[in-house]
Every structure is written in C-alpha cells, then in structure tokens.
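Undergrad: With the hints as extra help, turn the sequences into a complete structure.
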Amino acid sequence: MSQTAVVHPQRRPSFSPGDAIFAGAVRIAGILVLVILSAIIISLFVGGLPAFRAFGAGFLTDTDWDPVKQIFGAAVPIYGTLITAVLAIVLAVPLAFGTAFYLTELAPNWFRRPIGTAVELLAAVPSIIYGMWGFFVIVPIMGNYVQPFFIDTLGDIPVIGALFQGPPFGTGILTSALILAIMILPFIAATMRDVFLTVPPVFKEAAYGVGCTTWEVMRSIVLPYTRVSVVGGIMLGLGRALGETMAVTFVIGNTNRISTSLFGPGNTIASIVALEFPESPAGSLKLSSLLALGFLLFVISFIVLAISRLLLRTKVKS
Amino acid sequence: MSAFLAAGRMPGGARDSRVAGQLSRRRGRYNLIAKILCILATLVGLIFLAAILGTLFWLGFGGLHLSVFSQVTKPPGSGGGLLNAIIGSLIQTVIGTAIGTPIGLMVGTYLAEYAHGSMLGNAVRFVSDVLLSAPSILIGLFVYQIFVAPFGGFSGWAGCIALAVIVIPIVVRTTEDMLQLIPTALREAAVALGAPKWKSIVFICYRAALNGIATGVLLAIARVAGETAPLLFTSLGNLNWSVDMSQPMSSLPVTIYQYAGSPFDDWVQLAWVGALLITFGVLALNILARLVLRTRN
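First to last, the sequence lines map onto chains Y and D.
For the first sequence, the residue numbers in the working numbering are 1 to 318.
For the second sequence, the residue numbers in the working numbering are 1 to 297.
Read the hints as simulated data drawn from the structure, not as lab findings.
Watch out, some of these pointers could steer you wrong.
Facing chain D, a subset of chain Y residues (Cβ under 7 Å, in silico) [what the hints assert, rightly or not]:
{"no.": "1", "residue": "27"}
{"no.": "2", "residue": "34"}
{"no.": "3", "residue": "47"}
{"no.": "4", "residue": "106"}
{"no.": "5", "residue": "129"}
{"no.": "6", "residue": "300"}
{"no.": "7", "residue": "301"}
Idealized CB from N, CA, C, for every residue including glycine.
TA: Written out as structure tokens, the structure reads:
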C-alpha cells in the first residue's frame with residue numbers, strides 16, 4: 001500500500017498506512033470508553049446479583065441492615081442519598097445563582113477572573129478535606145449553636161417542629177447537605193456563568209435600552225433565555241452530590257435509620273459502602289449487598305447526569 | 001435612573017407622575033436588593049474557601065516538621081511522619097496519569113478529528129461526559145470487582161488503574177475542546193504539503209494545542225491526587241513502608257482518612273499536616289494549569 005502511495009502520490013495524497021493505523025487506534029480508544037462504562041455497570045450488577053436474588057424487590061424497600069441476621073435492605077441509604085443531595089441543591093442553587101449573576105453582570109471586569117478562579121478552586125479542594133474540615137469545624141458549630149437554636153425556636157411548632165427535633169449531635173442530614181452544598185456550589189455556579197455568557201449581548205442591550213434594571217434584565221432576559229441550561233447545570237450539581245463519599249462519611253452520623261428530623265443521623269449509599277466495605281469479606285452476602293447498592297447509585301447518578309448532559313447540549317445546538 | 005426622572009416630568013397629571021415615581025423607586029429597590037444578595041452569595045463561597053484554607057494553615061502548619069517528610073507512619077504516640085503516604089500518592093498518581101493520559105488523548109483525538117457527528121462519536125462523547133461526573137467510589141468498586149477480587153488482593157497497581165479510569169474523561173474533555181479550537185487552515189496547510197492526516201494531527205494539531213492538553217493533564221493530576229474513595233477498595237492503604245506495586249500501598253488521602261477519624265491526637269495532627277500538603281499541592285496544580293492555558297492566548 002505504501003508503494004502505491006509513493007508511485008502515485010497525486011492520486012491519494014492523504015492515504016498512508018499510518019493513517020489507517022492511527023484512525024483505528026483512536027477509534028479503539030473511543031470504543032474502550034464505552035467498554036469501561038459497560039464494564040462498570042455489568043461488574044456492579046453481577047457483584048450485586050446474589051443480594052438481588054436473596055432479597056428480590058424487597059431490597060429496595062427494606063430498612064434493615066443487619067449483618068448478624070444477614071438481612072440487608074437499601075431503603076435507608078437510598079433515602080439518605082436522595083434527601084442530602086436534594087437539600088444540598090436547595091442550599092446551593094441560590095448561592096450559585098447569585099455568584100454567577102455577580103460574575104457575569106455586576107463585578108468589574110478586572111475583578112471577574114480572580115473571583116471566578118477562587119470559586120473554581122473551591123471545586124478543586126479534595127473531598128476528604130471537606131470531610132475533615134466539616135467534621136472538626138462545621139460539626140461543633142452545628143452542634144453547639146445552630147442545632148440547639150433551631151430545636152429551641154422551631155422544635156415545638158406542631159408540623160415543622162418534627163424537622164428540628166432530637167439531640168444536637170452536630171452531625172446529621174442537614175450538616176451533610178450543608179457540606180455537599182459548598183462542594184457543588186462551584187460546579188453549578190461555573191455552569192450558570194458559562195450559559196449566562198451565551199446570551200447575545202444585543203438582547204441585553206435592548207432591555208437596558210428600554211430602561212430595565214440589571215435585575216430585570218437577569219430575570220426577564222437572561223434567565224428565560226438560558227432556562228434549560230440552568231436546569232442542566234443544577235442536575236450536574238445533583239449528580240455530583242449523589243455520589244460524594246468522603247465528605248458525607250465524616251459528617252452524616254452513619255446510622256442506618258430514616259429520621260424525620262433534619263438533625264438526625266443517617267447514611268448514604270456512598271458512605272455505607274465506604275464504611276462497611278472493610279468488614280465485608282469477599283464472597284459474602286454483605287459485600288454483594290454493597291455492590292448492589294453501588295449498582296443502584298450508578299443507575300441513579302447515570303440518569304441524573306444523562307438528563308443534565310441532554311439539557312446542556314440543547315443549548316449548544318440552538 | 002435618568003429614564004425614571006424623565007418619566008416623572010412627563011405631562012399627565014400629578015397622580016401619574018407620583019405612581020411612576022413609586023414604581024421606579026420600587027424597581028430600584030428590587031434591583032438593589034438583588035445586587036446585595038448576589039454579592040453576599042459570592043462572599044459566602046469565598047468565605048468558605050478562606051475558612052477551609054485558614055483552618056488547614058492554622059491546624060496543619062504547626063505540625064509541619066522535617067520528620068513528616070523523612071519518617072514513615074508509626075503507631076500512635078511514637079511520632080512518625082507521612083513519607084510512605086507521600087511516596088505512595090506520588091507513585092500512584094504518576095502511574096495512573098501515565099496510563100490514563102494516552103488513552104484520553106486518543107479518545108479526545110477521535111472525537112475531535114474523526115467522529116464528526118457519527119453515532120459512535122456521539123455515544124463516546126456522552127459516556128465520557130457521564131464518567132467525568134460519575135461517583136469515584138463506584139470506579140473503586142469496579143476496579144475491585146474486575147482486578148482486586150480475581151487477581152489476589154489489594155495492590156498499588158489496582159489503585160493506579162482506578163485513578164487512570166478517572167483521568168481518562170478529564171483528558172478527553174480538554175483534548176477535544178482544544179483540538180476543535182485549531183483553525184482548519186492549519187490542517188489544510190498540512191494536507192496541501194502532502195502530509196497524511198495522522199501526521200497533521202500529531203505534528204501540527206497536537207503541537208498547536210499543547211498548552212491546552214497540558215492543562216487537562218495538570219487538572220487530571222490535581223483531581224486524582226486528592227481522590228480517596230476509589231483507593232479504599234484498590235490500594236487499600238499501608239501503614240508500613242512499601243513501594244512494591246503488587247502489595248497494598250499507602251496514599252496521602254487514605255492516610256488522612258484513617259488518621260482524622262482516629263482518637264489519637266498526634267495522628268489527628270498528622271492528618272491536618274497531610275491535609276495541608278495535599279490541598280495546597282492540588283490548588284497549586286490548578287493555578288499552574290490556568291497559567292499554562294493563559295500563556296497560549
């Protein structure tokens with residue numbers, strides 16, 4: 001083949017065996033990514049199969065986690081995973097929106113880069129550091145000031161009060177959500193900032209031209225224009241929050257119980273896997289249950305991240 | 001504001017102008033409140049960053065002695081340092097990055113240069129983006145399932161593989177983005193000179209995108225250097241000196257995890273030192289990555 005190329009270079013000037021090899025190699029690398037994802041799903045499913053067989057659909061609804069009786073249920077970790085992630089979103093989205101608004105519309109130009117970098121550095125701090133910092137700094141603050149305050153003021157109100165009861169350990173659902181919120185804040189803020197910048201300047205100029213205030217431009221022009229991508233960014237943050245391990249493990253209290261109080265301890269899929277894994281011998285039903293939990297976590301985060309990607313992509317196309 | 005003042009002077013009676021004045025004041029107030037809230041929101045994020053870094057300095061700097069770098073981890077009460085954890089982290093991060101980077105580079109090249117709207121290309125891009133945000137603990141479980149459990153136990157190699165899987169999508173994303181920024185004219189010039197496509201990619205595009213690709217690699221290193229969860233199930237951690245890749249291997253994040261949760265004061269102190277080292281290392285890498293990218297522009 002190389003001879004042909006040498007004899008008739010004018011016919012197929014760009015053809016060379018190197019091309020075929022290179023194209024094949026990068027294609028195989030691309031396929032490898034698909035293989036990795038499939039292998040993750042399959043390996044977790046196969047590993048969790050004994051647990052799925054032993055407990056059936058009840059695995060999803062059972063609240064027990066009893067290594068002595070060999071009964072393992074996923075309901076509590078699934079609840080903890082969802083509730084902490086959703087609470088984290090509730091706390092993080094207003095902050096992220098404010099930060100993105102500030103960075104795109106309010107901050108002086110020379111100030112945008114350093115502030116933007118600082119917010120992005122917040123995303124670079126390793127998860128374990130958030131966990132440790134949360135455990136030694138946030139937990140005492142929550143236990144000594146925040147939680148007693150809410151228990152005293154809101155704890156006796158009939159319906160809402162149930163959310164603010166129990167002993168103020170400092171750890172618990174709300175503390176985890178708070179740490180998670182700080183961790184996902186930069187991801188959501190960065191996405192929002194990027195999509196806010198895609199709004200054509202002429203739209204904003206027109207709105208300013210008819211006398212709109214900065215806030216009105218944000219609410220009536222920028223937000224409607226970027227609505228879909230903003231939701232995509234929030235979903236990205238949700239996907240991140242669902243799978244966070246180390247930070248949550250330090251501060252959630254690690255108790256297999258569904259608590260109505262925001263201050264109650266709990267666990268998440270990631271935290272129970274990280275904590276229980278060392279005590280799960282290979283081949284045991286417990287290890288299989290942990291792998292089954294991992295499979296469920298993968299399914300949940302895959303769905304959330306897939307939705308996030310689809311929402312963010314529509315923006316790019318249009 | 002001038003628009004509102006003009007509205008006040010318009011003909012149409014005192015009542016109209018009063019209503020217009022009230023309206024404009026209300027809009028101004030909302031605007032002010034929104035602006036203040038946004039500044040506060042930004043401040044909250046910055047305060048958290050400052051609080052974390054401040055705490056690390058406050059609690060970690062005092063324990064930063066030479067022995068941290070010269071001695072291995074020892075039982076509580078007998079001093080010791082973090083040498084084996086630091087070396088273990090370096091080895092696993094370097095090898096993990098070395099495995100993951102070429103693969104990520106090739107995938108990114110495929111997406112930017114060959115995929116062009118093909119089904120396979122879109123699927124690869126989608127899956128890579130999902131992997132980018134997938135819980136890292138699951139990658140640890142995955143490597144445990146396919147590597148640790150069947151091939152005789154926890155090892156440094158398993159840790160490297162887990163980190164490599166995390167590196168790949170990060171490098172893919174930056175490589176594809178950077179290659180797409182390269183002007184078509186540059187590729188056409190290479191083709192016009194008779195260069196085959198692979199040569200134009202390797203010798204022209206890679207070179208032009210070098211800073212961007214280097215940024216991606218630096219960010220990937222920064223990310224995996226602080227990863228804890230995937231190493232718990234792969235390299236496990238090792239409190240003794242070991243650079244044997246087929247044995248369980250220590251790493252800074254896992255050691256921090258073990259020490260921070262322990263009841264011993266000197267271990268907790270060492271955990272803070274380790275946390276200080278890893279955080280400032282990771283943040284320095286991030287800032288370096290940004291500087292590398294900026295030199296290009």
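Undergrad: Taking the hints in turn, state whether each one holds.
TA: Now for the hints, and whether the structure bears them out:
1. Interface hint status for residue 27/Y: upheld, as the beta-carbon distance to the closest one in chain D is roughly 6 Å, under 7 Å.
2. Taking 7 Å as the C-beta contact cut-off toward chain D, the hint placing residue 34/Y at the interface holds, the least distance being around 6 Å.
3. Because the smallest distance between the Cβ of residue 47/Y and any Cβ of chain D comes to about 5 Å, under 7 Å, the interface hint for this residue holds.
4. At a threshold of 7 Å, the smallest CB-CB gap from residue 106/Y to chain D is about 6 Å, leaving the interface hint in force.
5. Annotation: residue 129/Y was flagged as interfacial toward chain D, and the flag holds, the nearest CB pair being 5 Å apart, inside 7 Å.
6. With its C-beta approaching chain D no nearer than about 10 Å, residue 300/Y sits outside the 7 Å limit, and its interface hint is violated.
7. Taking 7 Å as the C-beta cut-off, the interface hint given for residue 301/Y holds, the closest approach to chain D being about 6 Å.
Checked against the numbered hints given earlier, this structure breaks only hint 6.
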